[in-house]
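Those protein sequence lines, which keep their order, are chains H, S, U and V. Under my numbering, think of the first position of the first sequence as 2, with each following residue one higher. Under my numbering, think of the first position of the second sequence as 42, with each following residue one higher. Under my numbering, think of the first position of the third sequence as 3, with each following residue one higher. Under my numbering, think of the first position of the fourth sequence as 26, with each following residue one higher.
Hints listed in this document are in silico derivations from the structure and should not be mistaken for laboratory results. For clarity, every value in this text was computed on a predicted model and none was experimentally measured. Where hints are given, some of them may not hold.
To be verified - The calculated EDC-like cross-link candidates involving lysine to aspartate or glutamate, where the alpha carbons are at most 16 Å apart (straight line), are:
#, chain 1, residue 1, chain 2, residue 2
1, S, LYS415, H, ASP113
2, S, LYS151, S, ASP70
3, U, LYS133, V, ASP83
4, H, LYS4, H, GLU65
5, S, LYS148, S, ASP95
6, H, LYS163, S, GLU483
7, S, LYS415, S, GLU483
8, S, LYS415, H, GLU162
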Amino acid sequence: MIKLALFILFLPLLSFVLQIFLGRRFEDKKGEWVSVGIQFTTLILSLIMFVMMMSKHDPGFSLEFHQSWLDLGLFKIDLGLYIDNITVIMLNVVAIISSLVHLYSTAYMEGDVRYSRYFGFLGIFTFSMNGIVLANSLFMIYIFWELVGLSSYLLIGHWWEKDSAANAGKKAFITNRVGDIGMFTGMLIIATVLGTFNFQQIAERIHEGVWAANAGMLFGGIEPHKLLTIAGVLVFMGAVGKSAQFPLHVWLPDAMEGPTPVSALIHAATMVAAGVYLTVRIFPFLTADAMATIAFIGGFTAIYAATIAITQNDIKKVLAYSTVSQLGYMVMALGTGAYVAGFFHLVTHAMFKGALFLASGSVIHAMHHSLHKIHDHETDAQDMRNMGGLRTRMPITFGVFMITTAAISGIPLFSGFLSKDAILAGSWAYAANVHEGWLANLHLAWLLPVFGFGAAAITAFYMFRLIFMTFYGEAKRPEIFRHIKESPKVMTVPLMILAILSMFFVFTLPSVNPISSHGWFTELIQSPESAVTTGPAFELEHFEHGLHAAHVPAMATSLIVAALGLLLSVLIYLLKKISAEELAQKLGVLYRGSFNKWYMDEFYINGIIRPFLKGCGAVGRFDLDFYDHYLINGWGRNAKKTSRGVGLADDLIVDGAVNFSGIIFQWLGWTLKFIQTGKIQNYLIFVLIGAALLFVANVF
Amino acid sequence: MENHLLSIVTFLPIFGALVIALVPKEKLDIIRWGTAAITGLQLILAIWILKVFDFSSADVQLVEHFAWIPDFNIEYFLGIDGLSAPMVLLTALLSFLAVFSSWNIDKAHKGYFALFLLLDAGMMGVFVSLDFFLFYIFWEVMLLPMYFLIGIWGGPQREYAAIKFFLYTLFGSVLLLLGMLALYFISEPHTFNMLILAEQSAEFGKTLLLGMNAGKVIFILLFIGFAIKVPIFPFHTWLPLAHVEAPTAISVILAGVLLKMGTYGFLRISFPVLKDATLWFALPLAILGLINVIYGAMAALAQRDLKKMVAYSSVSHMGFVLLGMAALTPAGMNGAVFQMFNHGTISAMLFMLVGVLYDRAHHRDIEGFGGIAKVVPIYAGVTALAFFAGLGLPGFSGFISEALCFIGAFPVFTWITIFATVGIVLNAGYFLWAYQRVFMGELNSKYENLEEINNRELFALIPLAIVTFFLGVYPTPMLNLMSATLNHLVEAVKTAGMVAGL
Amino acid sequence: MADFIFWMIWVLIVATAGLVAFGNNLIHSVFALMGTFLGVAGIYIFLNADFLAVTQIVVYVGGILVLLVFGIMLTNKISTAQISQSSVQKGLGIIIVLAILVIILSAVLSHDWTGSIQPMNFTDTVAGIGKLLFTDYLILFEIASVLLLGALVGAATLARKEL
Amino acid sequence: MDHLSSYLVLSAILFSLGLYTVVTRRNAVAILMGVELILNAANINFVAFSKFVTHNLDGHLISVFIIMLAAAEAAVALAIVLNLYNDRGHINVDEANSLKQ
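Can you build the whole structure from these sequences, using the hints too?
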């Protein structure tokens, strides 16, 4: 199994290397199929692992593989792979989406300026994503964490001729790095106290009490439990960045500047879920307070992003905010202790959100072709206000869109219903039964279900708004509509596969009860025990107990709110009973706030980045124009002034003395010049006189 | 032969400089290729040195030890250990590659290459000498060629830059000289031998000098001397100017090797010889490291001149080195020396790349380009690689050394390290921002016919890229090379601290 | 007898040297100089320096003196049988030279040479000189040969009509 | 003849006469002759001391070298004299005063 995992890890890297160094030469010779082939090979290998896992059917299955990497004698870092059921399922998710996206891209990206480069970047992304999934230690996760950041940067900026794309790539990378600082600091705390980065060892050592014994060495004897909370939250900061949680979510909508398949792969299905995956991995050593923080951030993000998605007109922006919102769900689930639900939603979301993005890509692709035909280069191909009535022209895309929208909105028979319901039930149970963590202590725990159900209603609303605006009604721009046609098979087949994977039974087999998530997935994935021994840990028993009680009311409520959202959407956008414009006018401030993303970008730019850059400018000027110019060169200038003074004194006194002696010797010279005859014999005489005088002087 | 490897590797360039000086000045090819051959030979010798070097030992090796001026107990004492071996390799590697960046020097070639070789010898000598007096001589030998190389072959403000560099470093040298003489006269018997001085470490903490603790006074003297070379804030202002005005190859040497001499000096002399004072000064050193990291990065963000930006990035990166070594932990110390090596290779790449662009466009204004990745894709790719290596991306060696510095420093200077991590973001900020403005966006029509990077330039860059990448994936060889010595050093300083009750 | 010969030679040397110094005719001076050289050779014999005596005669009389004669012949018109020579600063010269002579003589005579010093009678100096020449004085000998060569070349170069 | 001083006195006189010749003669060849006298005086001293004081042959050897030197000097000096004559038509040293500038 380890060997399989190594192949899965490194094959995509091979694809990257081939495409970067040889890709250009084979661009016209179907070179991209090498990458596609490699990707499907990893898919097959992943499926083999999946089958092996299913045949074992052991929830406690795990496997670890070490390799010493860095050894300083007194300090070492090991790298290695850790494989359990979560790993295998994640590997499959990555492999499925990645291979389908590869296939899809052969059509979508056809004729692109940097076609081979694109496939190379997809390769390195898949490699680093698999690295995150397989990592057995925080340090290794961090390495691949940065590498997915790199590939995300490269792919967002794929069309860097556009300033907006270049900006978005940079923004994504830097925003992620802000989160990474937190993660890195958290790692440092853990490594300092426990002396290891390895997940298993961390949990073990905390359990053994090493943490309680050693934590006092940091921050002047901090309370160990508090430090563990801090460490957990800091590591989670990495997830905040990568999974686009509030307040570091701003990069994800901008990242839609990248090609749409990339958005599907990286910014919807896999990479952004890496944050959630990280939280899954650190779950055993999160304290109650840390989990409360995580839950609150996730819940807030879920509803916050949903409110923004309502008013967006760009089809990809809607989906982007929906992604942020759904990621918030997952994070909230993990924070409330609904471990299985959180991870479940990660998997189901990957399928239907991947499909949604690819389907929107299909629409955009069709729009582009049509705009190209009518030589219109002004119109935005992604703006839903230019679409409408597409269902007749693009039936497959439309069908996929319907299925996946139903899934994301939480409509029974689709996977999203099951996972979302589990999350909502979890938040309900948390609010009702858990008494530890600051949310519970402040009596704010009920905020979480409120966020959750609110977001569920809004999700149903804006997703159907998207469908109605795009596929229903009459065509808003008939001249474009005329040339719209369904995308080719290589694009629609991946769509259909993902749509099938969004059905409920995929995850519940062998059971086929559409309203119960019980099945292979819940059997294989089980909540780990908390390793926290330093203070209040998460009360898993209370929670599990409450989960049963909350299940039915939560399901009922979620169905009701989803139906409400759907109904409102039908009324406004399908039947036009309520005018959207009037509603917007009435809501005024709220509408503008939502439309402008609650001004977060403006806040960052004007509140943080601009002042900071000004500060940098000031530092730069201070350094050269003030510090260097006045202080350092001041030394030089003062030295010059002093030397000028000294020079003056020199002229008058020292030089005067010198000149005086000069005068004397001039006179002497004038006097003595008569003895300089130029005749050698005269000189000889003088020498002899001198010698004689010396003799005489010596004797007397 | 093997016993004199270090002498050979040090004096080979001087011999080369003499030979170059005898070649008629019209024979340009002979001068260039001759220099390349000599530095290449030096590189081979440096690799050979690593081959005969015993990785597991913390002692100095390949020792050459003779009395030189016996009346003053001055010795000709060469030797390398795990601290200097990476530096010797770095010097040889960069000297060799920098020759290829010197190809388009446009005047007085003979003088240039002869001085270049002299500089090379000076640098090598600093890293291999174990007698403080000898060390000082090489330290000064390096200074003069540098002055002329900047002052004659530099950019428009070259004379100002050169004189500034010279005065700054000379000021440092004077303090260094004072510190050296103080050590000499306190030690009993009077000696310049660094190993013996290190053994007498405890004495310096007890003796009084000018009514103060001699160890601390000398440490401060040496600190300023070395800090100017590093450069540590507030002694850094010579650096941007000197870098900007120097010709490409000299910038490479300046950033790649010269900056390392400051930190090397700390680890070779200040730390082992003045152990008590080192512990006393560790915290200020870490704070200065933090200031370097943040201040350098902020200043880099503000620059419009690409080369200046890279220069300030050096200030920032050297801050990590200071932080790592101030911590006095195995991870921090190894990280610091590893970072010295990595910064050498990475900043060398950066300066070479800036030089390539400058040769074609004749300016370095970041705002003055735009979209040139379209016309020079290979150049853009190599630059992207170097920039990502510079901002500490995993997979490149810089990441490992920075991470080690942080890991090492965290238990000791927790808050300082936390603040220093902000440097990671800032580094990403200025590199990516600069990259975007130069390479991305609409193509600036002025540069439609920009020439792609040529094979000679690639030849100088690719070895560095390979080294950076290889050590990023598999750092063990380099870390093995130095860990024995550095762990020993950390142990020695810590033990001294315990004895002194600190 | 030996004493007598010695003193005869002594007087001969002083007399001929005086003629060289004070004579009015250059040709006479040259021939007087020959006398001086021969006298010195005689003195050498008294000092048991047989090799030197022979060398003195061969080199000085046979070589240098001939050169001097050539010098005179080449720089004066042959027809002028009497090549007169005048002197300058005679007064000052004689005073100074006498003073120096007095100084030297006072130094020589003030010291009692007879006391401790016994003369050594060499029997055959040629072998000794030859041995020394190729052992202790080898380098000097080599240098001398180079010097001679240099002088030879130099003289030839200088004597050419056009420099 | 068995007294060192008799040789030394002879040498002193010879030296003085040579010196006088060098100082007063106008003719370059005559000056050269004076130089020869001085050299001979020195030689006598060397050989005499060799016999009476040092009792070895070192003095003889020095004398040999001086004789050799004298020969070389005479050759070069005569070449110079010839040149001077070619240049000026006479060899009067007191008129050669290009040193006075």
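* Between H/LYS163 and S/GLU483, does the CA-CA distance stay at or below 16 Å? -> 7 Å, holds
* Asked: Is it true that the CA of H/LYS4 sits at most 16 Å from the CA of H/GLU65?
  -> 12 Å, holds
* Asked: For the pair supplied as a hint, S/LYS148 and S/ASP95, is the alpha-carbon distance within the 16 Å limit?
  -> Since the Cα atoms of S/LYS148 and S/ASP95 sit roughly 44 Å apart, the hinted pair is violated (cutoff 16 Å).
* To do: Take a quick look at whether S/LYS415 and H/GLU162 sit within 16 Å of each other, Cα to Cα.
  => Holds, at about 9 Å.
* When you check the alpha-carbon spacing of S/LYS415 and H/ASP113, does it fall within 16 Å? -> Holds, at roughly 14 Å.
* Asked: Is it true that the CA of U/LYS133 sits at most 16 Å from the CA of V/ASP83?
  -> Holds, because 11 Å separates the two Cα atoms, which is no more than 16 Å.
* To do: Take a quick look at whether S/LYS415 and S/GLU483 sit within 16 Å of each other, Cα to Cα.
  => 9 Å, holds
* Asked: Straight-line Cα separation of S/LYS151 and S/ASP70 no greater than 16 Å?
  -> The given pair, whose Cα atoms are some 11 Å apart, holds under the 16 Å limit.
Checked against the numbered hints given earlier, the structure breaks only hint 5 and satisfies all the rest.
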